[in-house]
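If you're matching them up, the sequences are chains A and B in order. Each residue of the first sequence is one higher than the one before, counting from 0 in numbering that gives the first Met the number 0. Each residue of the second sequence is one higher than the one before, counting from 0 in numbering that gives the first Met the number 0.
No wet-lab data here; the hints were simulated from the structure. Mixed in with the good hints, there may be bad ones.
Repeated chains share a single entry, so a pair holds when one copy, or any two copies, can fit it.
The calculated EDC-like cross-link candidates involving lysine to aspartate or glutamate, where the alpha carbons are at most 20 Å apart (straight line), are [as the list claims (entries may be wrong)]:
#, residue 1, residue 2
1, K273, D195
2, K459, E379
3, K57, E30
4, K138, E127
5, K241, E272
6, K458, D470
7, K57, D158
8, K65, E272
9, K31, D15
10, K31, D303
11, K60, D303
12, K11, D158
13, K131, E150
14, K61, D171
15, K273, D229
16, K57, D303
17, K162, D229
18, K11, D171
19, K57, E150
20, K61, E40
There are 2 protein chains.
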Amino acid sequence: MHVKIKSSELYKQIYDLVLAKIDRKEWKEHEKLPSVRRMAEELNVNRLTVLRAYQLLKEHKKIYAKEKSGYFVQPEDPSFSLNESQLPEITDYPYSNLLSSIHQVVVDYQFSQALIDPNLLPNSYLSEYVKKVFTLYPKVLGTYSTVQGDEELRTALSDYFYKTHHFFAPIDELLITSGAQQAIDLVAKVLLRANDTVLVERPTYSSAIDIFRQYGARIIGIEIGQGGYDLNQLEHILKKDKPRFFYTNPTFNNPTGCTISALQRKQLVELAEKYQCVIVEDDPFRDIYFDKAPPFPIYSYDTDGYVIYIRSFSKYVSPGLRVAAVACRHPLMSHLITSKSLADNGTALINQKMFLHYFFSERMQIHLEKLRTALFLRKEVMRNELAATSWKWTDPSGGLNLWVELPEQISVEKLLDACLEQSISFVPGSICDPDQALRSWIRLSFSYANEIQLQTGMKKLMTVAETINSDSTYHQSG
Amino acid sequence: MHVKIKSSELYKQIYDLVLAKIDRKEWKEHEKLPSVRRMAEELNVNRLTVLRAYQLLKEHKKIYAKEKSGYFVQPEDPSFSLNESQLPEITDYPYSNLLSSIHQVVVDYQFSQALIDPNLLPNSYLSEYVKKVFTLYPKVLGTYSTVQGDEELRTALSDYFYKTHHFFAPIDELLITSGAQQAIDLVAKVLLRANDTVLVERPTYSSAIDIFRQYGARIIGIEIGQGGYDLNQLEHILKKDKPRFFYTNPTFNNPTGCTISALQRKQLVELAEKYQCVIVEDDPFRDIYFDKAPPFPIYSYDTDGYVIYIRSFSKYVSPGLRVAAVACRHPLMSHLITSKSLADNGTALINQKMFLHYFFSERMQIHLEKLRTALFLRKEVMRNELAATSWKWTDPSGGLNLWVELPEQISVEKLLDACLEQSISFVPGSICDPDQALRSWIRLSFSYANEIQLQTGMKKLMTVAETINSDSTYHQSG
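Just chain A, with the same shape it has in the complex (with noise of 0.2 Å):
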C-alpha cells in the first residue's frame, strides 16, 4: 500500500531535519539556511510548507528572521536576541498596560490579581443554571444584540438599582459593557481630547492611567486615604486645571481599600456641577464588604448629570461573562451608545441573557454572603501573616487587596524580580501612581489564592524580602 504522508504533517518532518542539521553542526550559528523557496524546490513541497516549518523552528528560538534577508541559525547564547521590528514603524506609539503585562506571568502565588478564585464560585450550579437560558432563547446564539443593551436585563437592573444602590436610572440611561475595563475605555474615548486634564485618586486602578495615556490625557492625582479627599486641594486643582473628569473608586478603593463618606459624595457631586468637571464613578467592590454595607454611590446624590456610574459584576459573580453596567444620563448617555456601536457593536446577547438569569437567582444573593465570608477569612489570612513583620497597612473593611508599605530599604522592584522568580506575584505600587512615585508600596491581593497558598506564599515573600533587605543593609554598610 502507497502511503501519502498528509500535508499537515510535511511541514514537521521538514521541522525536524533543520533541527537535526543544526544539531549536529551541519548548520552554523547565524549560518543562513536556504531560502523558502530553495527549500521547497529541494524537497519538492509547497513553499507554505517550508515557510510553516521554518516559523515554527523560529517560535522555538531554534533560527531567527532578518528582514528581507531570509532566516538564520540562532545561537544558544540565551541573551543573543535581534532587533526584528519590521516595518510599519510604530514610532510614537504611546501604549502599555503594565497591570497586564505583570498579570500574564503565570505563578503559583498568585497575589496580583484583584480577582475571585473560580473555586469560589458554584460553578456547577451556575453551569446547569445558564444552560436553561439556551431553551428560553432559542435563537440567541443567532441573534444580535442591540448596541445599547438588552431591554430585558437593562430592565431587571434598572429596578436592582434603584431597590439596593438609592437611584432611578430607566433603561434607556443604562447601557451594557463588555467589562468596566470597556466601559472606561469608552468613557474616555467620548470625553478625552489630547490634552485634557484627568483627575484621578492616587493610588488608584493602573490600567485606568494606561488607558487614560492612550488618549494623551494629562493626569493629575488626587490624594485618597482613610479620610477620604482633601476637598480644599481638590477644589483648588478644579477651578485651575479644568479637568475634563474625575475618575474614582470611592467604594473600598483599590488599592487602598478606602471608602469616602456619604457627606464627602454629596460634597462631590456639589463640586463637580461648580466647576463642570464629569465624575466617573467605578464601583466593582461594592458588595464584598465584611462587615457593614457601604454609602451608596455617588452617583445616587447626582440630580444634574454631572455622574457616570460604572457598575462591573466581574469581580465576584461571573468573570468569564464580561458584563458590566453604565449608568448616566443623555446626551452624554447617546455618545457613549455611539461609541460603544463603534467598539464592537454591541455585548453578546447570550452572555447578557446568561448574566441576567445567574445574578437575580435566588441562589446568588445565599452565594453572595457565603463569599463575603471566605473572603473575610482569606484576609485574615494574608494579613495574620503581615502582623509578623514591620510593614504598615490598613486592614480594609472590603474589597479584595491589601495596600502595603514595606521599610524605605526595601527595593519593590528587586523585591518583583525575586518573588517572580519565587513564583509569587504582587502589584508594585508605583504603577498605580500617576507619578509613578509611591515606591514603598505594594498591592497584595487575597482573593485569588487558597488560604494555604496565601499562607505559604505570603511566608515565601517575607523571605524574599529579607534576603533583599540584608543584601541592601550589606551593601550600605560595605
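With chain A's structure known, arrange chain B on it following the hints.
Relative to chain A, chain B alone:
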C-alpha cells in the same frame, strides 16, 4: 388588615397623580411642577421616589426638565422640543455611526442588515451542542480568558487557516476579538494618529469610515469595480499621500460584491512593501460564495508582515457569539494585544469555547453548504424583482448584498424616508463612500429577510420609488 404599600409601587402612584393633574389642566403647559424636595415633603415619601416618578414622566414626554430650574408640564404640540443638553458640553465630538442608526429602526422588510436570518441557523442543534461546553470546562464562567485569546481556539484556527486559507499563522500571531468591528477599531487605534491618511475602497463598509474618522484620519477612496482596482492610480496615491494603511474588503466586497483577483492580490502586497503601507484585509464573506471559492486571502501572499488579516465568523456561523480572529506578525501583534487589553481585557472565554466546539463540528460544514444554497436562492428572489425595474446592478458571486444604481431622478434620501415609513429599510450608498457622493446608489441585503418578505418588500420598495419618481418628474416639469 393593614395593607402596606410597597415603596417600589409608590412612585407609580405619584406618576398617576401628576398625570391626572396635567390631564385635568390643573397644571398647564409649561407650568412648573413642585420641586422634588417639596413634593416629597408634601406626600411624606422619599425624594428618590418622587425623582423616579418625575423621570418616568419625562421619559414618557409628559413633563420636561430644564437645567437648574426643575420640571415643567410638556405641551401637547409634539414639535415642541427643549434643547435639554446638559453639561458637560461635548462640543468637538466627531463621532457618528450612520449604519447603526439605520439598523436601530425596526422594520418589517429588513434589507439594511448584512446579517444572516437567525432562522437559517441550526438553532436547536447549536443550543444543544454548546451545552457540552459547560461540562467540558466546568469553571468556564468563573475564568478570564488570556487577553490574546483561548489557546485551544487559536491552535484550532491556526490549523484551519493553514488548511483552508493557505497561510500559516502560529498561535502567537493570532488574536481573538469581539467581532470584526472590534478588530478594525483596535487596528485603527494602534496605527492612526490625527491627520494620518487612510485608504479605503470606494464604496466600503460604512462603519469602518466612521471608526477611522473617530481617530481623526483623512480618508481617501480607491475605486473598486469588476476589474478590481486601478493599481496605477493606487501607486500614485501611495507615493503622494503616504497612507498609514489601506482598509480592504477584497472578497465579495461590501457593498459591491466585487472580488479582487489573485494577480492583483499579489501586486497589492508588492505595492504595500514598496511604499510601507499596511494592508488591513477584512474578510467576513469568504465562505459565502455561490459558485466557486474565491482566491486565497491577500494575507497568504504576504511575506514581510505588511498585511493584517481580520476574519469574522459572525456573518454566517454565530452572530450571537461575537468572535473574530486577527492574524498579523509581531511587533504589530504585540501592540494589538496591548490595545485589546486596554479595550476590554479579553473576549469572554465562554464565547470562545462555544465557538470552537460549534465551528469545528462536522454539522457546521453540512450547515455551510445548506446556507450557501439558501442565500443564493434569496439573492435570486431579490434579483428577479429588480429585473422588473430599469435599475442597474451586477450579479454578485458571493456575499450578502446587491449594489444597485437607481435612475438619477430618484432621490435616494427621499426614497429612504418614504421606505422607512412603509417599514422597509436599506443602506444609502452615500454612507459607504468616504466622499459622501454615490448618491444614486443603494445597498440591498438579501440575507436577513425570508423569501416572502423579499418578494413583498421589493415590490413595495419599487412602488415607493415610482411614487417618488413621478413626484420629482412632476416637480421638474411643473
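Results of checking the hints against the structure:
no.: 1; hint: K273 with D195; verdict: within (19 Å within a copy, 38 Å between copies)
no.: 2; hint: K459 with E379; verdict: within (17 Å within a copy, 70 Å between copies)
no.: 3; hint: K57 with E30; verdict: within (14 Å within a copy, 76 Å between copies)
no.: 4; hint: K138 with E127; verdict: both (19 Å within a copy, 12 Å between copies)
no.: 5; hint: K241 with E272; verdict: within (12 Å within a copy, 46 Å between copies)
no.: 6; hint: K458 with D470; verdict: within (18 Å within a copy, 85 Å between copies)
no.: 7; hint: K57 with D158; verdict: between (55 Å within a copy, 18 Å between copies)
no.: 8; hint: K65 with E272; verdict: between (58 Å within a copy, 15 Å between copies)
no.: 9; hint: K31 with D15; verdict: within (17 Å within a copy, 84 Å between copies)
no.: 10; hint: K31 with D303; verdict: between (69 Å within a copy, 17 Å between copies)
no.: 11; hint: K60 with D303; verdict: between (59 Å within a copy, 18 Å between copies)
no.: 12; hint: K11 with D158; verdict: between (59 Å within a copy, 13 Å between copies)
no.: 13; hint: K131 with E150; verdict: within (19 Å within a copy, 28 Å between copies)
no.: 14; hint: K61 with D171; verdict: between (57 Å within a copy, 16 Å between copies)
no.: 15; hint: K273 with D229; verdict: within (17 Å within a copy, 58 Å between copies)
no.: 16; hint: K57 with D303; verdict: between (58 Å within a copy, 14 Å between copies)
no.: 17; hint: K162 with D229; verdict: neither (31 Å within a copy, 62 Å between copies)
no.: 18; hint: K11 with D171; verdict: between (56 Å within a copy, 18 Å between copies)
no.: 19; hint: K57 with E150; verdict: between (49 Å within a copy, 19 Å between copies)
no.: 20; hint: K61 with E40; verdict: neither (22 Å within a copy, 78 Å between copies)
Hint check: violations occur at hints 17 and 20; the rest are consistent with the structure.
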